[in-house]
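*Asks:* Spelled out from the first residue to the last, the chains are:
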Amino acid sequence: MTRLSFVLSRLAQTVLVLWVVATLLFLIFRLMPGNPLVAYIDPTFTADMERALKRQFGLDQPLYVQYGVYLQNLVRGEFGRSFFSREPVSQVLGQVLPNTLALTFSALALAYIVGIFGGAVLAARRGTWVEGWGIPAVLATRAAPEFWVGMLALALFSFNLHWFPSTGATSPGSMYASWWAQVWSADFVRHLTLPAVTLALYLQGLPTLLMRSTMLEVMDEDFITFCRMRGLPERSILLRHAARNALLPVVTAFALGVGYAIGGNVIVETVFSWPGLGRALIRAVAAKDYPVAQAAFFFIAVVMIVMNFVADVLYSVLDPRVSHERR
Amino acid sequence: MAQLEIEDLTIQYQTSHGFVHAVRGVTLAVERGRAMGLVGESGCGKTTLARAVIGVLPKNAAILGGTVRFDGEDLLALSADAQNAYRWRRIAMVPQAAMDSLDPVYRVGDQMIETMQLRGGLSREQARDLSQRLFAQVGLESSRTRLYPHELSGGMKQRVVIAMALALSPQVLIADEPVTALDVIVQHQVLRILRELQKTLHLSLLLITHDISVVADLCDDVAVMYAGRIVETGSVRQVFTAPQHPYTMGLRNAFPSLRAGAGPLVPIEGFPPDLARPLQGCAFAPRCPFVVDRCWTEDPALLPAAGGQASACHRASEAALLRTQAGEAFARLSATHLGSTQ
Amino acid sequence: MSVLLEVTDLYKEYPLHGGVLGTRRTVHAVNGISFTVHSGNSLGLAGESGCGKTTTARLVLKLLQPTGGVIRFAGRDIAGLVGDQLLAFRRQAQLVFQNPYEALNPRFTVLRALLEPLIIHRIGTSAAQRVGKVTDALHRVHLNPPELFFLKYPHQLSGGQLQRVVIARALLTDPVLLVADEPVSMLDVSIRAGVLNLMREIEQERSLTSIYISHDLALLRYMCTRTAVMYLGTICEIGPTAELIEHPRHPYTQALVSAVPDPDPEAPRRAVRVADSVPTPFHLPPGCPFADRCPEVMDICRHVRPLLHQVGSVEVACHLYPDDAGQSRESASSAQEAR
Amino acid sequence: MSGGERAAEWPQWARATATWREALRVAWGVARGDRYASIGLLIYAVFVVIALAAPLVAPYNPHALIYQPDGEVAANLPPTAAHWLGTTNLGRDIFSQLLFGARAALLVGFAAAFGVVVVGTFVGLLAGYYGGWVDGLLMRVTDVAFGIPFLPMAVVLVAFLGPNIWNTVLVITLLLWRDTGRVVRAQVLSLRSRSYVEAARVLGAGHARTMFVHIAPNILPLSFLYGSLAIGWAILTEASISFLGFGDPRVISWGFMLQDAYNSQALARQAFAWFVPPGVCIMLVVMAGFFIGRGYEELLFPRLRRR
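Quick mapping for you: the protein sequence lines, in order, are chains L, Z, H and W.
If you're matching positions, the first sequence starts at 1 in our numbering and goes up one per residue.
If you're matching positions, the second sequence starts at 1 in our numbering and goes up one per residue.
If you're matching positions, the third sequence starts at 1 in our numbering and goes up one per residue.
If you're matching positions, the fourth sequence starts at 1 in our numbering and goes up one per residue.
You may find that some hints are simply not true.
Pairwise CB distance ranges (calculated) [unchecked claim]: (1) 19(Z) to 206(W): 31 to 39 angstroms; (2) 169(Z) to 70(H): 55 to 63 angstroms; (3) 137(W) to 128(L): 46 to 54 angstroms; (4) 1(Z) to 193(W): 27 to 35 angstroms; (5) 125(L) to 283(H): 34 to 42 angstroms; (6) 128(L) to 325(Z): 54 to 62 angstroms; (7) 25(H) to 121(Z): 44 to 52 angstroms; (8) 268(H) to 304(Z): 29 to 37 angstroms.
Because the hints were derived from the structure by calculation, they are not lab data.
Remember, it's a predicted structure, so these values are computed and weren't measured experimentally.
No residue lacks a Cβ here, since even glycine has one placed at the ideal position from N, Cα and C.
One chain only, chain L, in its complex shape (with noise of 0.2 angstroms):
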């Protein structure tokens, strides 16, 4: 199976689960409790008015008709009005995903790079009280409630130290030319710390164990003792041969990890009140704002859903006996 066809064949594969996510969302939006037009009426409504607001957004056509009139917006990127602010939804979202992607990339990179350099170190030390203490420490990285840890953050580093801002992305009232000026203002930076540090302790977890234990395993390989054998100097065999084999797993999980981070940042933007898509969707399920709950999902979901796909083709083009088919 060529690497073409063992992409192609993913693709469609991704394609088939972003529909059934697609298709899970609308119905469990459309079987919420309560009216979804809350928000709009108000007591002097009268009935008939109700009525032509219903058919202004389709709700009395037959459930069938609503679902190919959400495919076609979904496909379009049309993803309605808030019933809450009534702005369209794609703005909404649009202000507050930059921050979400601030906050996951900085921490994911953080997490990865001492994942890495930690797990090597983990595994070097097999045996020592490095691992001793080590690997519970990590082990209490991923057992900790992420929330926890960030009252705990905010209670020491916060209100005790003053050290950082308790919540928000930016001080009240200051402007910036644009976002990308904001992201680099010292301001967004300081905001931005203690979010990402939290985050970023829990998310290193994975890549400090499973860099750990590929580790092991490949220097337990046949071609490892080979090249102790040929008598080539430890180092090159530990960068050369060792790392190279065990980033394939680690790489893929970075993959998968912002996936997975996107999905999870929901609680630190809560307790940082960090204004990201997280706590978009929270806000908005509180609010019973269907609109803006159901495209954030749908944004998590396909980012999560494309980062497995993207993880599955990092794979094949890094590990040969994938991409290379035995011909």
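Place chains Z, H and W on chain L using the hints.
*Replies:* Here is chains Z, H and W on its own, set in the frame of chain L:
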């Protein structure tokens, strides 16, 4: 003086259930330019011996004593770097799991070039030419250097590893079960290549295998190993036609031959001793049809007999007589199925 | 003696999953095999890895569905067997595995493993009777005293002992056909002979019909009266084993026989004029499968597939031995179109 | 009567279950054997005792408001002899809430883990054993499960089903079986190629018997391991859902305590005694699950072990 002389080598493994005495005082010599076969069944310590010579033993193995002399120089006494200088430049090895010894994420040609550059100090071009030549010598087209290991058949991977072993033109080549996993026709070709290379490059070859027909086909001398100890050595002709040690006799009867009439095969009853427990007397005693009281208490030493042949058996002097009775003796033993048989 | 097993024109292909849009490639594991085994006889299947001998054994035991052809066991086509008929077939045909270390469930004690066939086929009325049968079976395979082995787990036994338990398990359903897939290739030489002798004794004692699969011709010479040499899913030569080894006729059989290293150092080495290893069977050449490796290949070999026909005491599929009236040429081409 | 006869005397189902009971014994043995795992078991034991004894041991009713002698609500008291961890802003005893919190955590943890293991093992077993379209279909369902962001979906479903502790368990089961399913499938695929499964077929065992008597006992340790991991994930999820405000208001859980503290400015007031202990408890119980898992070296991302 032999090119490679191993004297009284003792190695043990530290495992969860105690110390395993894999090699219990082995003395073996590989003459310059000759092929020595080391024959033994699984668990007799032959691979441990080979890896001790190249100096790459598993972490839980420890060399307790003995010497490994290369042209008179004891490798075990050298510093790590000095020992490393011998690796691949003077002593090379085709490992037992040759099929899995190639890094799956690099092309085979690049792995050859890497060894030549890092250890042989060759430039990239020189290395590429030499690897093309070596590939040709082992019967592989030079285009194969661009392939990844998983794209090669078992026979081809075996030949790539042999070519890699010859990269820095070593004087001693150790080959651990080089043809065991191969089909009979490819096996024939690889053996032919090994034989030609050994003759043309005047290599001192130490071939390790459990298959006595491979030794008969390729080797000049042979050493038979059992439970971590050499029990018999000599030229292939001497040992295979006139074995001195009962275990060698038993092996010969148990080995189905294509040519001879389909005479009854005679097994060797019982199974090899557990090397984790200390041994009393001769290790082969429980399975030997000619066992006498002395065998249970006194551990026989490897004593030379006529014509350079040597064996470690208290009744070596009666070998000619025992040889004639070996067939029925082993058969009688297996008929009784004494205790929990093998 | 009646024919116990009759295989006619057997085919088996595996689709190599080429992905949803990928190129769909098929592996032709078995490509038109026909042979018969008379009850009480033993047939050897010889050949290199990838020649289809293991697949053939799995087809005969109904572990795989054939793509074409018919397998008749005791006169009945096994394809249609279901329910009780299938259970009866399972009871009559048993398999001895290549790897004794994997052939027994690691969670079962020897006793539990040997009780399994009795439970499935409801053999024996009382527990005591079943344990009696298990004890006899262990005794028959020279594992004495049997009680010592009852509560042992597979990881506590040696290779030789495990293989004897596997043989005992196969005997418990009183089979008529015993198929052995490389039965001793994982065992040390010194204990192989013990297991082989045991199987020979049992075969004679119960007049069992057997099929032995092995790449080792010397072993087949010891165990089987007739042998089929297989190449790329076809039989290129079939006949009495001793005759095949002493006077091989098909060029591939000649290569196989002369390639075997001889344990006698005095024996002269024979040249093997055959090229590299078996190609993976993705696409079958039109003519003789062995054409592109055969030292005596002729033009006809590339176009017309030779069929098995009687030459002396063996059957050969090779154009070097044209049938008396060149019959092999016409029937071959006609047969080709038919398939 | 020799061991053999006694073994054969058992009724047939006993012999079949012998393999399952034996498999459990092995799974228990592996857990007990490993140092980490035995610590994990110890932690579980402690918290189970707390959860069971909570009503007897807890000094106050966790829901009840406590008043000062002068009629005022005893809000935000620092830790004192009467209230070891002080009181909440509504004057409720924090220590009692902590004890009762163990109940919710273990209930959700064990219930959800059981659901996850049963669904995951079943899907893995069917997909791995039957292969072909069954495998393809189940694996696409697993892909969908992997494609759904875990926490957001949990929140949406709980909002949809209503905030109830059992809905949380259902949601976790619906979403979290995917990891177990994939790992069990990989294990069944490898076992199926072992010749003892083929041997079962040759002996005449049907599909069901081959799956449940021959294959299942051998994957039990694996699903047992993933069960202990799932307990950890389930407790974390429940805490997160409660923290986001979708928890069951009637149930005092550690997540609820943390949400309560967060919303009543406990951080600004540096009321560490209020929000530190619940977090530590969650961490300990989840750590216990990972430690037991650690005993099998299986904390990896199953999707990546694709060599």
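*Asks:* Is it true that the C-beta distance of residue 169(Z) to residue 70(H) lies inside 55 to 63 angstroms, as the hint says?
*Replies:* holds, 60 angstroms
*Asks:* Within 54 to 62 angstroms or not, the Cβ separation of residue 128(L) and residue 325(Z)?
*Replies:* About 59 angstroms separates the Cβ atoms of residue 128(L) and residue 325(Z), which means 54 to 62 angstroms holds.
*Asks:* Given a hint of 31 to 39 angstroms, does the C-beta separation of residue 19(Z) and residue 206(W) actually sit inside it?
*Replies:* At roughly 48 angstroms between Cβ atoms, residue 206(W) and residue 19(Z) fall outside 31 to 39 angstroms, so the hint is violated.
*Asks:* How does the Cβ-Cβ distance of residue 268(H) and residue 304(Z) compare with 29 to 37 angstroms: does it lie in that range?
*Replies:* holds, 31 angstroms
*Asks:* 44 to 52 angstroms was suggested as the range; check whether the CB atoms of residue 25(H) and residue 121(Z) agree with it.
*Replies:* holds, 45 angstroms
*Asks:* Note whether the CB distance of residue 1(Z) and residue 193(W) lies within 27 to 35 angstroms or breaks it.
*Replies:* For residue 1(Z) and residue 193(W) the Cβ distance comes to about 52 angstroms; the hint is violated.
*Asks:* Return holds or violated for the Cβ distance of residue 125(L) and residue 283(H) against the range 34 to 42 angstroms.
*Replies:* Violated - the Cβ-Cβ distance for residue 125(L) and residue 283(H), about 53 angstroms, lies outside 34 to 42 angstroms.
*Asks:* Could one say that the CB atoms of residue 137(W) and residue 128(L) fall in the range 46 to 54 angstroms?
*Replies:* For residue 137(W) and residue 128(L) the Cβ distance comes to about 48 angstroms; the hint holds.
The structure is inconsistent with the numbered hints 1, 4, 5, although it conforms to all the rest.
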